[in-house]
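*Asks:* Sequences and hints are given; from them, build the entire structure.
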Amino acid sequence: MKRLLQISLDTLLSSIMPIITWMLLGFILTKEISNVFSLTYPLQFIYLLFVSLFGIGPNITEQKLKKENVVSSNLLFGTIIVGLFTILIIFNIDEYIRIMSMDVSVYHNFGIYSVIQIYFSFLIQIFSQKLYYENKNNSANKMNITYHLLSFSSIIIFSIIAQSEMYAIVVSLIIQFLMICYVFVLYFRFSKWNICFIDNVRFTSFGLLDNLSMFLIYGIGFGNSFSYGTKYLNAINFEALTTDAQWDALSSIEVASKIDLAKDQFNYKESLKNAYKLFALLFASTLFMNLVLYWYYTPDLSVLIILLSVQFIDMLVFPLLAYRLSYIQINMNSKYINLNYSISNIVRILCSFIPSAFCTYIGQLFSTVYSLIFSFVHCRKVKVFQLKNKD
615 MKRLLQISLD
625 TLLSSIMPII
635 TWMLLGFILT
645 KEISNVFSLT
655 YPLQFIYLLF
665 VSLFGIGPNI
675 TEQKLKKENV
685 VSSNLLFGTI
695 IVGLFTILII
705 FNIDEYIRIM
715 SMDVSVYHNF
725 GIYSVIQIYF
735 SFLIQIFSQK
745 LYYENKNNSA
755 NKMNITYHLL
765 SFSSIIIFSI
775 IAQSEMYAIV
785 VSLIIQFLMI
795 CYVFVLYFRF
805 SKWNICFIDN
815 VRFTSFGLLD
825 NLSMFLIYGI
835 GFGNSFSYGT
845 KYLNAINFEA
855 LTTDAQWDAL
865 SSIEVASKID
875 LAKDQFNYKE
885 SLKNAYKLFA
895 LLFASTLFMN
905 LVLYWYYTPD
915 LSVLIILLSV
925 QFIDMLVFPL
935 LAYRLSYIQI
945 NMNSKYINLN
955 YSISNIVRIL
965 CSFIPSAFCT
975 YIGQLFSTVY
985 SLIFSFVHCR
995 KVKVFQLKNK
1005 D
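In terms of the numbering used here, the sequence shown is numbered consecutively and its last residue is 1005.
Some clues are possibly wrong.
Simulated pairs of lysine-lysine, PhoX-like, Cα-Cα distance not exceeding 20 Å [claimed, not checked]:
1) Lys877 / Lys616
2) Lys750 / Lys678
3) Lys616 / Lys750
Per label pair, the in silico range of CB-to-CB distance [claimed, not checked]:
4) Val815 / Lys891: 29 to 39 Å
5) Lys680 / Tyr842: 45 to 55 Å
6) Phe705 / Phe802: 24 to 34 Å
7) Val784 / Leu964: 33 to 43 Å
8) Tyr950 / Val784: 45 to 55 Å
9) Val785 / Lys680: 44 to 54 Å
10) Val720 / Phe967: 24 to 34 Å
To be clear, the hints were calculated from the coordinates, so they are not data collected in a lab.
Heads up, the beta-carbon is just placed ideally off N, CA and C, and yes, glycines get one too.
*Replies:* Below, the structure is given as structure tokens:
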């Protein structure tokens, strides 16, 4: 449970600190600024795709196949490739804002800030993956806490004292950049190239499919949902603010299971028990955040209840789903399985075109049901998931 909480803390920080940041900036500057969270929300899934490809995959490859220099090679390669991708997004930020049906004049500067910050967070995450697989969870915790506190405090403090938002943005990004440089000096060692791209993809294909589809789903779906007016924009933004951090913390279940499966140390009974302890904490925190913040944001209650109901159902079954998909990914991977699994992503993308403000949530429910059936069918004879067996 300790390791799960340590990983949860890191993923929670990567999610909750931006949420708190945008909330406070909304108080300090203008309420509209808090919507930057929803503006760049779809992009987070592209960067999570990169985390899978350049962070998670290489660690599994190095552990499972006993190959050397894979992690360090992909860490450097990912830093360069994702950095170039980030520059491309920055140069096209206004077009992206228009696609999301939002006002360029309001969101231009902080849109750029958010994209760069997501890139820095990506770097912290791939270093975290490296440390998890090296059993250096304490070091990963210290790195994450330091980075996110610096990121948060710098933009808030300089937004309060500075006369221009651009000054606050530049100073905050410089501080974050220096922290990233320190992390490289502390934890990065490189000897020779060994990318192992095909193996990395093989061990993370589900994550790559999921995050690519999630980018399309929310890029298309949020643009669709926001077109129905501020009633749905405010409710969706509020729901995302109060559940996104919990989802990121819950993803630690999947991270821990992949580490154990790669090292052949997975214990289903113990893992499931710890997972639902974590779920209980996150469920309670979600309810608390909604009760506390509702009176300030005042989203439409009927819309909010529908959105939260979908999220709670999905969270409840997530541990059962995550463990089985991780096992299938690492031990039963094949073209047939990837093709079969991709059906849920394809249909979920198609749901984003439904003429409804709830299009993304309809797709989310379908994907959960389909993935549950898919995972249970393929793992029905796997002994590790038979709880009646002795440990």
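*Asks:* Look at each hint and say if it fits the structure.
*Replies:* Here is how each hint holds up against the structure:
no. : hint                        : result
1   : Lys877 / Lys616             : 18 Å, holds
2   : Lys750 / Lys678             : 19 Å, holds
3   : Lys616 / Lys750             : 13 Å, holds
4   : Val815 / Lys891: 29 to 39 Å : 33 Å, holds
5   : Lys680 / Tyr842: 45 to 55 Å : 53 Å, holds
6   : Phe705 / Phe802: 24 to 34 Å : 28 Å, holds
7   : Val784 / Leu964: 33 to 43 Å : 42 Å, holds
8   : Tyr950 / Val784: 45 to 55 Å : 51 Å, holds
9   : Val785 / Lys680: 44 to 54 Å : 45 Å, holds
10  : Val720 / Phe967: 24 to 34 Å : 27 Å, holds
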